[in-house]
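Visitor: For the record, the sequence lines run as chains S and U.
Per the UniProt record's numbering, the very first residue in the first sequence carries number 1; after that it's consecutive.
Per the UniProt record's numbering, the very first residue in the second sequence carries number 1; after that it's consecutive.
Calculated directly from the structure, the hints in this document are not laboratory data.
Be a bit skeptical, because a hint or two may be false.
Derived Cβ-Cβ restraints for the label pairs, each shown as a range [as the list claims (entries may be wrong)]:
1. S/S176 to U/F16: 36 to 46 Å
2. U/Y449 to S/S23: 54 to 64 Å
3. S/S23 to U/Q250: 13 to 23 Å
4. S/S148 to U/D413: 15 to 25 Å
5. S/P37 to U/E152: 18 to 28 Å
6. U/P341 to S/L239: 35 to 45 Å
7. S/S148 to U/F33: 48 to 58 Å
8. S/P37 to U/Q250: 35 to 45 Å
9. U/L412 to S/Q222: 45 to 55 Å
10. S/P179 to U/F414: 27 to 37 Å
11. U/Y449 to S/A59: 52 to 62 Å
Computed from a predicted structure; not experimentally measured.
C-beta: ideal position from N, C-alpha, C; glycine also.
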Amino acid sequence: MLLEVQHVRKEFQNRTLALTDASFSVSQGDFVSVIGPSGAGKTTLFRILNGSLRCDGGAILVNGVHFESADRRTRRAIQTTIGTIYQDFALVENATCRQNVLNACLPDMAFLPAVCGFFGKERVAEADALLERVGLADKVHEPVKNLSGGQKQRVAIARALMRHPALLLADEPVASLDPVTGRQILELLRDIQQDQKLTVLMNSHNLELSQEFSSRLIGLNQGTVVLDAPADTPAKEILAAVYHRQEDQP
Amino acid sequence: MTRSSGKRWLRTLALFLLLLAAARFTNCSLALFWARRSHLTDLISAMLPPDWGYAPRILSPLLATVQMSVTGTALGSFLALLLAPLCAENLHAPKPLRWTLRLLVQVLRSFPTLILALLATFLFGLGTFSGTVAITVYTFAILTRLTYEDIESAELAPYHALCAMGAVPAKVYWRAVVPGIAPSYFSNVLYLLETNVRHSSILGYVGAGGIGLLLNEKISWLEYGKVGMILFFLFLTVCVIEGISGLLSQIIREERSLSPLGKRLLTGAAVLLALVCTLSLQPPDFSHISPRAVQAMISGLFHPDWAFFFETDTSGLGYLLLETVCIALVGTCAGTVIAVPLSFLSTPCLMPKLPALLFRVVIMAIRSVPFLIYGLIFIRVAGPGPFTGVLTLGVCSVGLLSKRFTEAIEALDFRAYHALEAMGVPLLLRIRYAVLPQLLPALASAVLYRFDVNIREASVLGLVGAGGIGAPLIFAMNHYKWSEAGAIALGLILLVWRIDRLSTSLRR
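With the hints as extra help, turn the sequences into a complete structure.
Guide: Here you go:
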């Protein structure tokens with residue numbers, strides 16, 4: 001069991017209850033999709049899982065180690081095994097593709113070489129190899145701002161892989177891309193997941209794509225897990241379980 | 001380590017060495033500055049408390065100053081809007097006309113308002129009229145260039161479509177091009193208005209009217225309480241102008257909406273203000289001007305003193321121009337060093353509201369003091385010479401630089417920063433890799449722009465004896481040595497043109 005989420009609860013300072021009681025687990029090598037309507041708490045869950053936010057209750061275990069209550073050092077060590085890709089890519093637009101991928105090495109470098117930008121031949125070669133893997137071999141020296149949306153997401157995937165993550169969190173990876181490009185990105189993600197026996201946790205609005213690419217679905221509504229089923233469950237049942245509130249309305 | 005990053009290191013090192021050499025050349029010495037630091041404050045403490053009873057005497061020259069700047073800005077920007085299309089390459093005005101106008105703009109651009117005002121007093125006599133002419137010419141030169149650059153990068157499809165229908169190009173320019181460039185044109189006008197108010201406060205120094213006359217008088221009579229009062233009023237004026245221009249630029253950027261009636265009223269009020277200011281202007285005084293003097297001036301300016309122009313020793317033009325460039329270079333860097341922390345501290349999205357406001361007031365206060373006062377303060381610290389020029393230009397650059405820096409900081413995109421945070425990258429490295437790459441281009445372009453301005457402003461420093469080309473130029477003009485003035489002017493024009501080309505190519 002790679003990731004275990006037990007009764008996680010998160011209340012924001014303005015009293016919004018984003019997560020009331022979320023529990024599920026993900027095993028090594030799974031491709032799991034988290035689905036649910038807007039405001040269900042998907043993004044909050046992901047931000048807690050990658051360590052950007054702290055939860056107010058419950059426990060998160062990564063490979064059996066408590067993540068949420070760990071001291072700073074352990075927390076950072078766990079953080080480095082989790083890669084994240086974002087809906088809006090979160091890349092440094094003015095920097096080149098290679099530099100963006102290399103940025104992922106910063107946590108394990110000594111301060112001085114990191115500041116001066118001495119990444120070393122091996123890391124540079126690895127970054128270039130990863131860019132080639134995601135199909136951007138000819139864009140290594142291109143500033144990210146000159147790329148298309150799909151290409152930017154490829155750079156973001158390469159950056160996440162640079163950490164050799166055990167778990168890849170994909171927060172709405174295709175929501176800001178057109179359908180064709182989105183499908184290409186998900187195909188790339190699935191290929192990489194199967195090659196490297198990676199665990200992927202994706203969160204998505206798109207039920208059809210989620211069913212096609214993942215093996216399991218977790219439905220979230222109003223901060224609670226309302227569905228945990230194999231991906232081939234009929235769409236009608238999933239819609240009824242996860243989106244029922246929307247369907248009730250005329 | 002890649003080849004491109006190696007090149008970058010080499011370039012940074014070269015720039016640093018250049019800066020060091022320039023600092024040595026201008027006799028910059030932090031030790032001297034530290035040893036004589038007590039002189040920084042004694043002039044300021046002499047100005048405190050200001051002489052409150054003096055306030056009523058200030059109002060009328062202050063109004064004259066504002067009037068000069070409003071009239072000059074209005075006339076200059078009107079002319080610029082009229083003539084800019086003739087300079088723009090993509091509107092195809094006749095080539096000889098286009099190049100003559102561009103040359104004229106480039107020549108006029110090389111001189112600060114003060115030098116233009118000095119020249120104007122020889123033609124139009126002492127008084128506000130000369131100051132207004134100087135501000136008009138300055139505004140025209142700067143704004144024409146900004147506007148034709150805007151036109152050249154504007155979307156011209158509607159222009160060509162309307163021309164193809166057989167409409168007259170002048171009408172089409174008004175209907176199809178002007179609406180597109182209007183927002184940037186108006187924000188440039190507002191910015192120039194602010195600058196002009198500050199510049200016009202020293203024009204009295206060369207007899208071109210306004211509050212500068214009073215300032216000059218009180219400084220030479222050592223009545224520092226009254227000087228303090230004048231500075232306080234200038235600060236208030238700059239605050240008011242900045243407030244109004246902030247409001248107007250919000251309307252221009254459509255962040256604040258206005259009803260059609262409100263817009264009409266606002267336009268009407270602006271036009272009325274410009275008209276009243278223009279019509280109530282003091283007429284020129286030709287009584288001291290003789291046609292022969294004017295003829296001597298013009299023929300002298302067009303027959304530069306070539307011996308002086310090509311002289312290579314320390315009294316020659318080349319040396320003086322080099323000194324001017326070095327003063328501007330080191331001064332711009334000094335200004336950057338002060339402006340960077342100030343702009344971080346005054347950005348509302350990074351700092352709590354109250355300290356941010358406090359630092360904004362500090363920046364505004366720094367901006368509102370005319371450079372002359374800084375020159376007087378620093379000359380006590382560093383003595384006459386280029387080091388005083390460096391310090392003065394440094395402080396004078398703070399206003400513009402911190403304004404540009406603050407805008408860049410406010411436009412920062414923090415998504416990459418948070419992504420690196422989630423990966424466990426430490427704070428300093430996050431700033432190095434996710435914040436600086438976004439900020440540096442904006443900072444570099446602001447610094448380059450200010451360097452360009454400082455080259456021109458450096459020629460005014462001569463007024464306070466702070467080194468560079470200014471003192472010989474003003475001296476030559478005041479003693480009617482027109483051929484020498486012509487040589488210096490030619491040198492300045494060439495220098496500004498070169499630096500202009502250089503900074504354009506660097507910015508790309």
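Visitor: Mind checking the hinted window 45 to 55 Å against the Cβ distance between U/L412 and S/Q222?
Guide: Given a distance of about 34 Å, which is not inside 45 to 55 Å, the answer is violated.
Visitor: Can the suggested window of 52 to 62 Å be confirmed for the beta-carbon pair U/Y449 and S/A59?
Guide: holds, 55 Å
Visitor: Should the hint that S/S148 and U/D413 are 15 to 25 Å apart at their CB atoms be regarded as holding?
Guide: Holds, at about 18 Å.
Visitor: For the pair S/S148 and U/F33, does the Cβ-Cβ distance stay inside 48 to 58 Å?
Guide: Hint holds: Cβ distance 53 Å, inside 48 to 58 Å.
Visitor: Could you check the hint for me, namely that S/S23 and U/Q250 are 13 to 23 Å apart, CB to CB?
Guide: violated, 50 Å
Visitor: Range hint 27 to 37 Å: satisfied by the CB atoms of S/P179 and U/F414?
Guide: Taking Cβ atoms as reference, S/P179 and U/F414 lie about 29 Å apart, which means the hint holds.
Visitor: Take a look at whether the Cβ-Cβ distance between U/Y449 and S/S23 falls inside 54 to 64 Å.
Guide: Roughly 58 Å apart at Cβ, these two residues keep to the hinted range, so it holds.
Visitor: Is it true that U/P341 and S/L239 lie within 35 to 45 Å of each other by Cβ?
Guide: At 56 Å between Cβs, range violated.
Visitor: How does the Cβ-Cβ distance of S/P37 and U/E152 compare with 18 to 28 Å: does it lie in that range?
Guide: violated, 50 Å
Visitor: If I claimed the Cβ atoms of S/S176 and U/F16 lie 36 to 46 Å apart, would that claim hold in this structure?
Guide: holds, 42 Å
Visitor: Taking the CB of S/P37 and the CB of U/Q250, does the distance hold inside 35 to 45 Å?
Guide: holds, 37 Å
Hints 3, 5, 6 and 9, counting from the list given before, are not met by this structure.
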